[in-house]
Amino acid sequence: MGICHWPEGERPREKLIGLGPEALSDAELLAIFLRVGVKGRSAVDLARDLLNEFGGLRPLLGADQARFCQAHGLGIAKYVQLQAALELSRRHLETLLVRGDALTSPMLVKRFLSAHLRDLGHEVFAALFLDTQHRVLRFEKLFTGSLSSASVYPREVAKRALALHAGAVIFAHNHPSGVAEPSQADRDVTRHLSDALALLDIRVLDHFVIGEGEVVSFSERGWL
2 MGICHWPEGE RPREKLIGLG PEALSDAELL AIFLRVGVKG RSAVDLARDL
52 LNEFGGLRPL LGADQARFCQ AHGLGIAKYV QLQAALELSR RHLETLLVRG
102 DALTSPMLVK RFLSAHLRDL GHEVFAALFL DTQHRVLRFE KLFTGSLSSA
152 SVYPREVAKR ALALHAGAVI FAHNHPSGVA EPSQADRDVT RHLSDALALL
202 DIRVLDHFVI GEGEVVSFSE RGWL
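In this note's numbering, each residue's number is its place in the sequence shown (first place is 1) plus 1.
In case anyone wonders, no lab produced these hints; they're calculated from the structure. Nothing here was measured: the structure is a model prediction, and the numbers come from that model. Quick reminder that beta carbons are idealized off the backbone N, C-alpha and C, glycines included. It is possible that some hints are incorrect.
Derived CB-CB ranges, DEER-like [unchecked claim]: (1) Ser184 / Arg36: 17 to 23 Å; (2) Ala78 / Leu58: 49 to 55 Å; (3) Pro60 / Arg36: 17 to 23 Å; (4) Asp46 / Leu20: 20 to 26 Å; (5) Gly146 / Leu58: 24 to 30 Å; (6) Leu225 / Leu121: 34 to 40 Å.
Between the sequences and the hints, there should be enough to build the whole structure, so can you do that?
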């Protein structure tokens with residue numbers, strides 16, 4: 002039976018309007034994005050099939066073009082729509098963050114950094130440059146590769162901070178393994194960066210390590 006024949010309170014669109022998006026399951030939200038199902042399967046049925054096939058929502062949203070388009074019921078048009086929706090979400094978070102004080106919005110900072118770094122298949126070291134009032138100036142991905150093997154150059158970070166007239170900085174990098182626990186190399190790099198920037202009167206406020214379902218804060222651990 003098609004979704005249009007379901008009781009109104011059980012239809013994903015009507016449920017979202019009445020109760021808000023947080024009340025919907027992953028499958029129901031995905032069904033709204035898909036809009037239609039396939040022969041013999043409603044949009045919700047198809048959404049459940051896709052979540053099972055990919056192993057959850059995150060692997061589905063992070064799938065590359067080839068893998069995504071191979072799945073039954075998807076294709077290049079859906080891939081383009083999804084990428085546009087994800088980018089809109091990232092830009093929305095950035096807009097919210099730029100409007101406020103990064104220090105008074107720790108959860109927003111975590112959400113913003115997770116949206117940019119969590120699903121990358123390789124390790125990326127990034128920085129959120131702030132002015133002296135801790136308002137966001139710029140977010141930039143600075144280095145690529147494992148912190149234990151690819152160098153993070155304090156001189157280059159300092160040059161960029163000075164060019165942006167930054168008064169403070171928040172660092173972040175992802176762990177593609179999904180495990181957010183910082184390594185000793187992570188702690189060593191943070192200490193070297195903090196020492197170098199302190200000479201320029203630029204504060205390192207935090208360093209976030211982004212995992213699959215967790216974000217570890219150096220500041221909350223008492224390491225900064």
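Hints, one by one, checked against the model:
1. At roughly 44 Å, the beta-carbon separation of serine 184 and arginine 36 lies outside the given 17 to 23 Å, and the hint is violated.
2. Distance hint check for alanine 78 and leucine 58: the Cβ-Cβ separation is about 20 Å, which falls outside the suggested range of 49 to 55 Å.
3. The hinted range of 17 to 23 Å is satisfied by proline 60 and arginine 36, whose Cβ atoms lie roughly 21 Å apart.
4. Checked against the hint of 20 to 26 Å, the C-beta distance between aspartate 46 and leucine 20 comes to roughly 21 Å, which is consistent with it.
5. Here the CB-CB span from glycine 146 to leucine 58 is close to 28 Å, well matched to the stated 24 to 30 Å.
6. Between leucine 225 and leucine 121 the beta carbons are some 24 Å apart, a value that contradicts the proposed interval 34 to 40 Å.
The structure fails hints 1, 2 and 6 (numbered hints given earlier, in ascending order).
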